[in-house]
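Engineer: Just so you know, we're using our numbering here: the sequence shown kicks off at 115 and counts up by one.
Bear in mind the hints are in silico, worked out from the structure with no lab data behind them. All C-beta atoms in this analysis are idealised placements derived from N, C-alpha and C, irrespective of residue type, glycine included. Take the hints with a grain of salt, since some may be wrong.
In the DSS-like style, the derived pairs of lysine-lysine whose C-alpha atoms are separated by at most 27 angstroms in a straight line are [said to hold, decoys possible]:
(1) Lys231 x Lys120
(2) Lys205 x Lys243
(3) Lys279 x Lys266
(4) Lys266 x Lys120
(5) Lys235 x Lys205
(6) Lys154 x Lys120
(7) Lys351 x Lys266
(8) Lys243 x Lys279
(9) Lys243 x Lys231
(10) Lys351 x Lys121
(11) Lys279 x Lys121
(12) Lys191 x Lys231
(13) Lys191 x Lys120
(14) Lys243 x Lys415
(15) Lys413 x Lys154
(16) Lys372 x Lys351
(17) Lys415 x Lys401
(18) Lys191 x Lys243
(19) Lys205 x Lys191
(20) Lys266 x Lys243
(21) Lys187 x Lys154
(22) Lys413 x Lys401
(23) Lys231 x Lys121
(24) Lys205 x Lys154
(25) Lys189 x Lys235
Label pairs and their calculated CB-CB ranges [said to hold, decoys possible]:
(26) Lys415 x Asp236: 50 to 56 angstroms
(27) Asn190 x Lys154: 36 to 42 angstroms
(28) Gly137 x Phe361: 18 to 24 angstroms
(29) Val237 x Glu349: 38 to 44 angstroms
(30) Gln277 x Ser142: 39 to 45 angstroms
(31) Arg350 x Ala261: 21 to 27 angstroms
(32) Glu271 x Lys415: 25 to 31 angstroms
(33) Glu271 x Glu349: 38 to 44 angstroms
(34) Asp236 x Glu405: 46 to 52 angstroms
(35) Asn409 x Lys205: 14 to 20 angstroms
(36) Gly275 x Asn358: 22 to 28 angstroms
(37) Thr291 x Glu349: 20 to 26 angstroms
(38) Lys266 x Arg365: 43 to 49 angstroms
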Amino acid sequence: MASPKKKLQGLVAATITPMTEHGEINFSVIGQYVDYLVEKQGVKNIFVNGTTGEGLSLSVSERRQVAEEWVTKGKNKLDQIVIHVGALSLKESQELAQHAAEIGADGIAVIAPFFLKPWNKDVLTNFLKEVAAAAPGLPFYYYHIPALTGVKIRAEELLDGIQDKIPTFQGLKFSDTDLLDFGQCVDQNRQRQFAFLFGVDEQLLSALVMGATGAVGSTYNYLGRRTHQMLEAFERKDFSSALNYQFHIQRFINFVLKLGFGVSQTKAIMTVVSGIPMGPPRPPLQKASKEFTDNAKAKLKSLDFLSFTDLKDGDLDACS
C-alpha cells in the first residue's frame with residue numbers, strides 16, 4: 115500500500131460489508147470485491163467500516179476482522195485503505211485506531227460521538243485528539259456527517275487551528291450539502307495540504323468547483339468508471355462534458371432516492387452490478403425489496419450503467 119505521507123485524493127469507495135443470509139460477515143468475497151473495484155471501476159482507495167459498511171452495527175471484534183481482511187486482500191492492489199474507527203465509546207475508538215495502525219492501514223477516520231454529543235468545537239476536538247493519539251503514525255481524518263450524528267458544529271469552525279491539537283490531521287470527509295461550509299473549509303486552509311473529500315455523490319461536481327480534492331462515496335462501488343469520466347472532463351476544463359456526466363449520474367440517484375435509498379438498497383444495487391453477493395443488511399435495517407431491485411436494475415440498463423446483462427434470477431435473489 116501507499117506511504118501514509120501520500121495525499122489521499124480522487125475517488126474513494128465507501129465499502130459495503132458483505133453478509134450471509136444469516137447476518138454473518140461474508141469474508142470470502144472481499145478478495146473478489148477488491149479485484150472488482152480495481153479492474154472494473156478503476157477505484158484504488160477505500161473507506162472501510164463507515165456508514166455504507168454498517169460499521170456502527172458491527173461489534174468491535176467484527177470491525178477489527180473486516181479491517182484486517184481489507185488490508186490483507188488489498189495489499190499491493192489498493193493505494194490507500196482508510197479505516198473508520200469512530201464509536202460512542204472513546205476506549206473502543208482508541209482500540210480500533212491502534213488496531214488499524216498495527217495491521218498497516220493508511221489512515222483512520224472518526225465521526226463525532228452522537229448519543230452524548232460534544233456541544234462545541236473544543237469538546238469535539240478534544241475527543242478526536244484522544245483517538246488520533248492512539249495511532250500517532252497514521253493520517254487522521256474527520257468524518258463530518260451532521261444529518262446522522264446530529265452534531266451541527268460547522269466543519270469550517272472545527273478545522274480552525276486543528277493541526278495544533280491534532281498533528282496527524284490530514285483532512286475531512288464532508289458528507290453534507292452545505293457548500294458554503296465546505297467552500298470555507300477549502301478557502302481558509304489553502305496553505306495546508308489537507309484532503310478535502312466530498313461525500314455527497316450527486317453533488318460532486320459542485321464540490322470540485324469549490325476545491326474538493328477527492329470524494330468518498332457508496333456509488334463509486336458501482337459507478338466509479340462513470341464518475342472517473344466526470345473527473346477527467348473537469349481536469350481538462352471540459353465543463354460541459356463534466357456537467358453531462360454529473361447529470362447522467364444524478365438521473366440514477368434521483369430515481370432510487372424516490373424509491374427509498376439507503377444502505378440496504380446500496381447492497382442490492384452492488385450485487386446486481388458486480389455479481390458479488392452483498393447479502394442483507396444488519397438489523398434494524400431490512401433487505402431491499404424485489405420491486406426496488408427490479409426497478410433499479412431496469413434504470414441501470416436504461417442509463418447504460420450495467421456492464422453485463424446475463425444476470426440470472428438467483429443473482430437477484432441474493433439481494434432482493
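Engineer: Could you work out which of the previously given hints the structure breaks and list their numbers from low to high?
Structural biologist: 1, 4, 7, 12, 14, 16, 18, 19, 23, 24, 25, 27, 28, 31, 32, 33, 35, 36 and 38
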